[in-house]
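Please build the complete structure, drawing on both the sequences and the hints.
So the protein lines, in turn, are chains A and B.
Reading the first sequence from the start, the letters are residues 7 to 203 in our numbering.
Reading the second sequence from the start, the letters are residues 160 to 224 in our numbering.
Incorrect hints may appear among the rest.
[To be verified] Covered stretches of chain A (chain B as the covering partner; in silico rule of three or more C-beta atoms under 8 angstroms from a C-beta of chain B): (1) 70–76; (2) 79–86; (3) 92–103; (4) 114–120.
Hints in this document: simulated from the structure, not taken from any laboratory.
By construction, the Cβ of each residue, glycine as well, lies at the ideal position given by its N, Cα and C atoms.
Listed below, chain by chain, are the residues.
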Amino acid sequence: MNLRETKYLPHLHKQEKISLVLRRHWLMPVGKALFWTFLIAVFLVGSGWLKANFSVFSSGRGLLILDILVSVFLLTALLGLLIVWTMYYLNVQIVTNRRIIDINQKNLVHHETTEFELTNVQDVTTEVRGVLANLFDYGSVYVQTAGTAQNFVFEHVAAPHRVAKTVLALAGELTARHKNRFPSGAGKPMTSATVRK
Amino acid sequence: MDNLSQIFNLLFHLYMIFLVVYSGLAIFALLRFGQSRLLNFVISSFYIALIGSLYFQTLAKIHSL
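Encoded structure:
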């Protein structure tokens with residue numbers, strides 16, 4: 007997978023391979039973009055209606071002021087659309103054959119990266135809630151970890167069951183490898199998956 | 160430029176400062192942390208072209224107030 011490793015994975019281990027690169031389902035940013043598009047349409051229709059029905063806005067300074075206000079709103083809406091894209095594109099979760107890495111862009115100047123080893127995975131729960139989620143096959147995957155390690159959520163990802171299956175398979179492989187390396191019994195507990203709809 | 164035009168000009172440029180700073184942060188974050196630099200470069204260029212054309216269009220209207 008062609009990732010800019012210096013930015014995404016500054017310390018990718020030897021023999022570590024990327025299995026999944028996940029973002030929120032495309033419906034999430036599209037929904038927000040549609041909201042901005044709807045506001046643009048309301049402004050344009052509203053200004054057209056004002057021009058048609060009020061003579062003060064149909065010519066002279068009134069018309070210019072109305073056009074200026076519409077332009078300022080369009081500038082704001084474009085910024086809104088850019089931010090929708092930025093937040094969608096920069097929030098990424100990466101599953102490798104050793105780790106889960108959560109790259110979280112909380113806002114434009116708050117960038118946070120969390121990671122944990124797949125050997126800590128104990129339980130994976132998939133949740134698909136709502137009509138749209140069932141229709142477009144997206145949902146959340148909750149990864150429960152052993153001990154005091156932080157639990158992990160893949161929110162609104164596409165094909166959550168496939169994601170859960172992949173995480174479990176990778177965790178299982180890693181655990182089996184650990185057991186082979188340390189046959190005295192210091193292995194990991196069995197992982198399991200729950201599907202909640 | 161009369162008073163109304165000057166007031167609009169001042170308010171518009173104050174707003175533009177906010178917009179440019181915020182847009183700059185978004186574009187910086189996209190180019191710095193984004194997966195595909197080319198895609199983000201294309202999106203940022205398109206955005207800058209749109210913002211620029213809207214800015215000059217609005218400025219022309221403010222000057223003709």
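Hints, one by one, checked against the model:
no., hint, result
1, 70–76, "holds (count 4)"
2, 79–86, "holds (count 5)"
3, 92–103, "holds (count 4)"
4, 114–120, "holds (count 3)"
The earlier numbered hints are all upheld by this structure, with none contradicted.
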